[in-house]
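Order-wise, the sequence lines are chains A and B.
The numbering of the first sequence is the numbering used here, which starts it at 1 and goes up by one.
The numbering of the second sequence is the numbering used here, which starts it at 1 and goes up by one.
In short, the hints are calculated from the structure, not lab data.
Glycine included, C-beta positions come from ideal geometry on N, C-alpha and C.
Some hints could be false.
[Said to hold, decoys possible] If you want a taste of the chain A side facing chain B, the calculated C-beta under 10 angstroms gives, among others:
no., residue
1, S441
2, F442
3, S500
[Stated by the list, open to error] Cross-link-like lysine-lysine pairs, in silico, DSS-like; alpha carbons within 25 angstroms at most:
no., chain 1, residue 1, chain 2, residue 2
4, B, K178, B, K83
5, A, K483, B, K178
6, A, K483, B, K83
7, A, K404, B, K178
8, A, K404, A, K603
9, A, K687, A, K404
[Claimed, not checked] Now the stretches of chain B that chain A is said to cover, found in silico as 3 or more residues with beta-carbon under 8 angstroms:
no., stretch
10, 39–51
11, 63–75
Each chain is listed here by its residues.
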Amino acid sequence: MASNLTEEPAVEAEVPPASGREQTPKTSVVEQTHGGSSEAMEAEAANGLKPFTLEKIDTSNVENVTVEDGLKARGSVGDEIHAEDAEIEGIRGKNGSPSECREPCSEPLNSEEFHDTNQEIISAEDHLKTLSFAENQVPDNKLDAISIENEPENVRELEPDIDAMASVASPSSNGYAGSSSTKSDGSFSGIEEIDRGGTEPDNGVDEFSESASWVAGKRHLNEDDASISWRKRKKHFFVLSHSGKPIYSRYGDEHKLAGFSATLQAIISFVENGGDRVKLVRAGKHQVIFVVKGPIYLVCISCTEEPYVALRGQLELIYGQMLLILTKAVNRCFEKNPKFDMTPLLGGTEAVFSSLIHAFSWNPATFLHAYTCLPLSYSTRQATGAILQDVADSGVLFAILMCKHKVISLVGAQKASLHPDDMLLLSNFVLSSESFRTSESFSPICLPRYNPMAFLYAYVHYLDVEMYLILLTTNSDAFYHLKDCRIQIEMVLLKSNVLSEVQRSMLDGGLHVEDLPVDPSHPTLRSGSGSPHLGMQDHVIAGSPRQENAGIGGPAGLWHFIYRSIYLDQYVASEFSSPINSCKQQKRLYRAYQRLYASMHDKEAGPHKTQFRKDEDYVLLCWITQDFELYAAFDPLAEKVMKWLGCEVLEWKQDRGSGVETRSSFWSGGVPVQAAELWSRFMLTVKV
Amino acid sequence: MGCSASVPGRSSGLLSGPNLENSAVFDAKNLRVKLVLLGDSGVGKSCIVLRFVRGQFDPTSKVTVGASFLSQTIALQDSTTVKFEIWDTAGQERYAALAPLYYRGAAASVIVYDITSIESFHKAQYWVKELQKHGNPGIVMALVGNKADLQENRTVSAGDASEYADKNGMFFIETSAKTADNINQLFEASTLNGLTELLQRDANNILSRNRKTSAPYTSDVVNSDCIILNHSTTMCHCIVWLGMVEALGLVI
Chain A
1 MASNLTEEPA VEAEVPPASG REQTPKTSVV EQTHGGSSEA MEAEAANGLK
51 PFTLEKIDTS NVENVTVEDG LKARGSVGDE IHAEDAEIEG IRGKNGSPSE
101 CREPCSEPLN SEEFHDTNQE IISAEDHLKT LSFAENQVPD NKLDAISIEN
151 EPENVRELEP DIDAMASVAS PSSNGYAGSS STKSDGSFSG IEEIDRGGTE
201 PDNGVDEFSE SASWVAGKRH LNEDDASISW RKRKKHFFVL SHSGKPIYSR
251 YGDEHKLAGF SATLQAIISF VENGGDRVKL VRAGKHQVIF VVKGPIYLVC
301 ISCTEEPYVA LRGQLELIYG QMLLILTKAV NRCFEKNPKF DMTPLLGGTE
351 AVFSSLIHAF SWNPATFLHA YTCLPLSYST RQATGAILQD VADSGVLFAI
401 LMCKHKVISL VGAQKASLHP DDMLLLSNFV LSSESFRTSE SFSPICLPRY
451 NPMAFLYAYV HYLDVEMYLI LLTTNSDAFY HLKDCRIQIE MVLLKSNVLS
501 EVQRSMLDGG LHVEDLPVDP SHPTLRSGSG SPHLGMQDHV IAGSPRQENA
551 GIGGPAGLWH FIYRSIYLDQ YVASEFSSPI NSCKQQKRLY RAYQRLYASM
601 HDKEAGPHKT QFRKDEDYVL LCWITQDFEL YAAFDPLAEK VMKWLGCEVL
651 EWKQDRGSGV ETRSSFWSGG VPVQAAELWS RFMLTVKV
Chain B
1 MGCSASVPGR SSGLLSGPNL ENSAVFDAKN LRVKLVLLGD SGVGKSCIVL
51 RFVRGQFDPT SKVTVGASFL SQTIALQDST TVKFEIWDTA GQERYAALAP
101 LYYRGAAASV IVYDITSIES FHKAQYWVKE LQKHGNPGIV MALVGNKADL
151 QENRTVSAGD ASEYADKNGM FFIETSAKTA DNINQLFEAS TLNGLTELLQ
201 RDANNILSRN RKTSAPYTSD VVNSDCIILN HSTTMCHCIV WLGMVEALGL
251 VI
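In isolation and in its complexed conformation, chain B is listed as follows:
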């Protein structure tokens, strides 16, 4: 069910982690989002995650090894809960080749740079390209300029970054893990907006693709709120929340 880690790049499943196969229950009210943080070393990925998950900020830099796994559940206004399964990857060069291990099957990615370091912005662009090439085709990408509290040392203008994000269909936000500015917004608003978009886009894609090719697809009703679209030739699975489908005005 859902996006399987063993067929990277082919599935367009969204609200799923690699272990969905194991979990018996799909519940549209309890979404699970695999999210990966990428970016150069020292830009503050771990700080962003720890601020979001634990509300803490530790100014002593602790170099991440491989990737840390954290999860955080947030409740949306309509009582839907979203469980973020966050992979906080190490920014070091030696781990770059291993990044697919962590972003494979991710529904959302947060690409972080440091607004005081132009190199880190270039590195962020590298990650955007990498994800466009090898990431989950439907992956939601957010571009995040961290360390926004260091305005006086800024070398990457918000305008440039925003323009770049627009060009690549990304959400853009500047945050400060130190002051907690925009951290929750990043996860709540942007990612969920992104996911909504993604839902829409993905559902549309599947539907239109089906129309074009007349390929049959089947839908499994999981419960009264949620169906799974199975595309028989591409083996794509997509969980579609009926409420969302309605809201988006899709016709199935």
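This is chain A alone, in the form it adopts within the complex:
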């Protein structure tokens, strides 16, 4: 096998120290990265894990003879798939159907690579299969489950599934540009990935705008693992039970994916049998991430180049969303009946999950673990908070007033605290369930971080098209009380003009970097550290000389930033403005922040205090103190940024030639980092 390490799939597993399993740490299981600077980060991330190859597992358990046979057979299947792909592509091109349009394959497929990776995976698959049939006598529940699932007549069905699995996990079997391009930031806006804002016709199959319409018909129910289109999707999410029964799949009909599910289950339980836990399989561009939550397994297969921790976090959120709908009590169903079919219990919730998965590509709350507020004047927010507080004092656990995904005000009963992830999942649930818009509702929901075992009762009512009130209580009889509370709240909000202010704020949008106040007296090119009125335009000194910031962006070439208050669990993000206008660019920046967050919070290498990196797109800066985290993107061509950041840093960077800056002292008050009270327009000043 001539492939280098980069192309070799490896299982990275958490190995309990006492297991005594032979493991050879493999150093660089690094993906091809985009831009020199992120390479360092990726390496850093990879070093933190303790990978060992699948081969190690193979030899410890199964005879080589079987493997060899399997290899030959599968290799030819791989060829067939390949040819099929090409054919279908051709047909699509002729049809020109908009739903089929894809980014053209920019580079020829590397068939050698394909076979290498494919075979690696397949050999493992083969073992798994061998294992499940030949080692039936092993008294293990999970193994029994597999062999029951795959009764002899199903064996033939299973084979193509395994092939499909291999080809999903293989870099060259898919035909989109991102798969073989090394530069690749473009691959972020891949075929099925969803973009925010307007739709771009060239963005391919599933580009959806953030409008409500994107939910409809997005699951491609006609697909299964034999469909070419299904295999080409860039990011799959699966949920399955420990007996291999499918529970949820982002694409395709769950029931048709039973065989594929069984394969995933086999991989997980195979590794579990060795006393290990499979976390990640890398195969070229693809990562297969596994999360095990009791009897529920979650798997993500992705070639989006997102960091492992980010994808893992997304699986955790999907699990949380499931708990929000069903509570952890669902585990009992599996205790009673291991082969329990959970799909009916999630009936009608496809939109909730697809909307959450959509949020993974635009909503920073999904990786920042913080929520964001709608900009409002301090007095308005105070007034809103006061009325909600009255309600909370009357036996409501949480009173939340929101506008889309932004919080207007939020109040909790004494000692009750609301986790930002629960906020995210709750607002996603409400926003994606259309029925809440038609009338007031009373529905059981569970806040997984508050209490994963119990239902709360949520009273939900839309005050206008985008603004809604959620009242949470532990009392199932409280509907009429909550209804009265809502009437009271609505009256106060109407009287105090909060409703109209909210609507105005929605129209005005959030904070724009161009509007950041500038301190003209300061010798270096700083932006408004001296102004206590940050972002409040009426306080910006009229006629003050703005920085010559190359025509676009904010002071010192600042294009965009996210400020996260650690104590308040909130973040403020500036609005996207020129030159980050298109959905593609926004998503690219979003992913860059996501990587930055992952590397800053890397437990093995970090935690870091500051990071500076430059690539052809922007200069990215992250600064973490005990109070806040700041993520900022600057114009890469603005030399002023460099001056602004301090020559010291630049020199340091040049000396080391590294993309990662880990020093903390150079930023002496640059971008808008202020005490929390100055942010009252953008944040709730109390922690809930």
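Following the hints, complete the assembly by docking chain B onto the known chain A.
Frame of chain A, contents of chain B only:
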């Protein structure tokens, strides 16, 4: 007063919602009826309610979460108004265990099935049994075959459904939320007929029970039209509209 949600299954109050305790005025001319819709998912419960309450029909299916609450007031010929407080429940399996939350204290229930789906008819029978076992003892039940506009796909015959409804003392009607066929009839005629029956039955029950057991009952006069019968041992309350009592030929 009236049927209290905290003693489910014991009270036989009829024209009452759980919040009657809070409302100061009983007015026989302004009745309040708590009505619950039950049935399998996708049979068109929400469509029926939205057609009745807002006169709208939205063919895009919006899955109900938990239960939606809507109200609609209709005027009867004799200038009595009836305010329906409608709980439109979600048909999904995961909410089945939570259904008592919504049907508790309901005076009337509408159990909906889809005439093109025999499974949904079986599910409707499940709900009938459930209500017979755990519902308000005096609950009025209507069986509704929805999607009557899809005659060509019919799998549940009107005869079978009607027979089943008769056997269980239910009112039966086929509706179409899409064409608005029989929607108002369902709420106006059937439910009110049911309620009249219920009034009669309940009043009779209370009276006869009282006679049999010689248990004392007291009546509170609320206003000139309406009294409340209080049964001292069962703690049942019943609002009886005197006009109705007269019309039904009851003797108090």
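| query | Taking 25 angstroms as the top limit, are the C-alpha atoms of K404 of chain A and K178 of chain B close enough? | reply | 31 angstroms, violated
| Minimum beta-carbon distance criterion (10 angstroms), S441 of chain A to chain B | 5 angstroms, holds
| If you draw a straight line from the CA of K483 of chain A to the CA of K83 of chain B, is it 25 angstroms or shorter? | Status holds; Cα separation ~17 angstroms.
| query | Holds or violated: is the Cβ of S500 of chain A closer than 10 angstroms to a Cβ in chain B? | reply | This interface hint is violated because 26 angstroms lies over the 10 angstroms limit.
| Coverage claim, chain A over the stretch 39–51 of chain B, checked by counting residues with Cβ within 8 angstroms (three needed) | holds (count 3)
| Coverage assertion for the stretch 63–75 of chain B with respect to chain A, Cβ distance below 8 angstroms, three residues required | holds (count 8)
| said: Holds or violated: K483 of chain A and K178 of chain B, Cα atoms, limit 25 angstroms. | reply: 30 angstroms, violated
| Given the hint that K687 of chain A pairs with K404 of chain A, does the C-alpha gap stay at or below 25 angstroms? | Measuring from Cα to Cα gives roughly 21 angstroms; hence the hint holds.
| Has the given pair, K404 of chain A with K603 of chain A, been kept, meaning a C-alpha gap of at most 25 angstroms? | 33 angstroms, violated
| request: Assess, step by step, whether the Cα of K178 of chain B is no farther than 25 angstroms from the Cα of K83 of chain B, and give holds or violated. | output: It holds: about 24 angstroms lies between the C-alpha atoms, which stays within 25 angstroms.
| Quick one, is the F442 of chain A hint okay against chain B at 10 angstroms, beta carbons? | Interface hint status for F442 of chain A: holds (6 angstroms vs cutoff 10 angstroms).
In summary, the numbered hints that this structure violates are 3, 5, 7 and 8.
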